[in-house]
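Asks: Quick mapping for you: the protein sequence lines, in order, are chains X and E. The first sequence lines up with residues 1449 to 1765 when you count with my numbering. The second sequence lines up with residues 245 to 651 when you count with my numbering.
Heads up, a few of these hints could be off.
[Unchecked claim] Chain X is faced by these chain E residues, among others (derived, beta-carbon under 7 Å):
| hint | residue |
| --- | --- |
| 1 | Pro-378 |
| 2 | Leu-382 |
| 3 | Gly-393 |
| 4 | Glu-396 |
| 5 | Ile-400 |
| 6 | Asn-591 |
| 7 | Tyr-594 |
| 8 | Leu-595 |
| 9 | Met-601 |
| 10 | Ala-606 |
| 11 | Pro-609 |
Just so you know, these hints were derived from the structure itself, not from any lab. This one's a predicted model, so the numbers in the text were calculated from it and none came from an experiment. A virtual CB, placed ideally from N, CA and C, is assigned to each residue, including glycine.
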Amino acid sequence: MQAQLATIVQQLINGITLGSMYALVALGYTLVYGILLMINFAHSEMFMVGAYVGLFTLTGLTNPHLVGGLAAFFKGSGFGLVILFALVFVVAMIAVGCLGMLVERFAYRPLRNAPRLAPLISAIGVSIFLQNAVLLWVNTMALPFPQVFPVKEITIYGSAQVSTLQIFILVTVIILLTALDTFVARTRMGKAMRATSQDREAAGLMGIDINRVITFTFFIGPALGAVAGIFNGMYYGVVLWNMGFIPGIKSFTAAVLGGIGNLRGAILGGFLLGIVESLASGFLSTGYKDVVAFIVLILVLIFRPGGLLGESVVEKV
Amino acid sequence: MDIQTKVGDGGWSKGKIALAVVGAILLVFLPVVLQGFVAMSFLVRILAVVGIYVMLALGLNIVVGYAGLLDLGYIAFYAMGAYSAAVVGNLFVKAVSHIGAVGLREFLTSSTFIFMLPVAALIAALTGISLGTPVLRLRGDYLAIVTLGFGELIRILATNNFLGLTNGAMGMSINVPNPVGLVAMQKPVINIPAVGFSFQFSVNLYWYYVVVLLICFTIFIVRRLDNSRLGRSWVAMREDEVAAASVGVNIRTAKLWAFALGALWGGLAGVVFANFQGFITPDSFSFLESVFVVSMVVLGGMGSIPGVIIGAALIGGLPAIIQGVAQSPMLASVFHIDAPTASAIANYRYLLFGLLMVVMMAWRPQGILPSKRRARELHPEDEKTLEEEDQSLWAVEHGIDGSGHDL
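Let the hints inform the model, and build the full structure from the sequences given.
Replies: Have a look at this one:
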């Protein structure tokens, strides 16, 4: 009995870690869907590219041949580590955010008024392009993600353990989520984003620069995705050109689960999906954990198409 | 437009007939020529693979092109067809092996795949209905994602050896020795040493002809469907579901038929694929394959049969041909491609393919050879379309002035 309880606790911890990554990626989907009503299929590639940029920045900054004495400073103290990770995240967020803006400019903007199928196909094209670009120009093999700080396991209940890496991930994600929530709720740009998602045309008439809002959305979403990508690399220890696909689909599932277009819904959906999936892999079999995610998606869409926190949309004639 | 107006195209012009005859001759004899030359015989196999893709694309065209339901998990039905052909086919061969009469036993064994066609088609169609029923209320993007999830579900179940049927990630083989008639056809050998031509009927050629026959059958049925009552209700549903329902189109039935018929062709293609390969693994049914089939339909032109065929030939054939040319030293010398360039081209094919999808959507979202009706839907803001909106659809499609036409 106690062993089972410990398994549950362990899977909950794993699930929350996994869920925090899903939540970050799901936010990217939900932000874009809320404003443009399109599934940004290429978002999973932002996650992947983010992991690569993070990996290269990290190896670059800890290489004494490139940065000299700074490498020792970064690795030496706790303060150095904090600065190092802050730099890695900022570089990855800016790089991937810019990539997201580029993709929007060249692949989606020309299709703004096209039927809804067109941008989806275009996004699939971008996704295939980016995957193969990384495959051809970076590396076909999985690259190891170096362990920069020593990961300690802390026993909390029976055999259930939580690692310092998991705590690090969860804390960072909570900070980012709070920041985004505050940003959207309090700032002028956030207000503009909310207005645009309610009614793009009316927002334009009220003097909001729609293109700027959309570009900005395509910066934040991928930037958050990049952070999730780095965490994924750190957590599993490798980065690979096709690492984005499955987490991408699951995060989309999470966004739908919470109610797509709803920011808090995406966060809730992400954590829920992560937990359900971890419990399933702990108690059923790891092979079926992906099945669980898709069954959850199908059930939600059938019984509550608007998602858990979403309003049901009435189709207008 | 009165009710008796002919909906289909009005007869064939001479040019069209000539084109069809040339096409038919090429379709039948080109593979024979290719098979005859050793250096080019790999193209026969590619042609058969392209043929399977054409069937898939034509089937998906029913769902996406006609009914307007985006299915991102279409490959699931293909998988259903392939796996049911393998599972049921192997059972069938086992059952038949108890028959005493040697001639009958051999005939039944060798024609297993013919018996499997209706069985697998039925299983696939039932799968289509069982997916279609719960998702009837969903539309657009949501439907796309549920179908995507369904496609992955089928693949994962196959990978996990569901109910002990699929042998998991190891894949399973189809234990049917020689398909009916192949041995007899392989007997004659034609040799023309002067040009290096040596022809013997091959397994690839056999499946190529099976696929071509099935494609002809598919085109026949799909054309009928397009002009049928069901086909017209699909068009109405695709353009405006609410309006269609209000004029008496049964949305439920129309959607379920679209799912069932689309799945049916996926299943048929799966049977041919399983028999052609002789071996299937879950890897053949990945999400990327679904994406390729959708791209074939979209790139070629949704709702247009020739367009979809061109799309399938381009996407299904080009990468394989590039790879084949790269591996064939003789062809590489003809096209002045050295080995490194060739392998570079082969490696870059998916990159270019992704780029092509983006460019195509920006530049020509209606596809290479669109159906006239679809092209207009995808360019709603064209001045020409707006002008023509007052005319009847029939007049627009036939390019005549129908402004005085009595509706």
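Asks: Please go over all the hints and tell whether each is borne out by the structure.
Replies: Hint-by-hint comparison with the structure:
no.: 1; hint: Pro-378; verdict: 5 Å, holds
no.: 2; hint: Leu-382; verdict: 6 Å, holds
no.: 3; hint: Gly-393; verdict: 4 Å, holds
no.: 4; hint: Glu-396; verdict: 6 Å, holds
no.: 5; hint: Ile-400; verdict: 5 Å, holds
no.: 6; hint: Asn-591; verdict: 6 Å, holds
no.: 7; hint: Tyr-594; verdict: 5 Å, holds
no.: 8; hint: Leu-595; verdict: 4 Å, holds
no.: 9; hint: Met-601; verdict: 3 Å, holds
no.: 10; hint: Ala-606; verdict: 4 Å, holds
no.: 11; hint: Pro-609; verdict: 5 Å, holds
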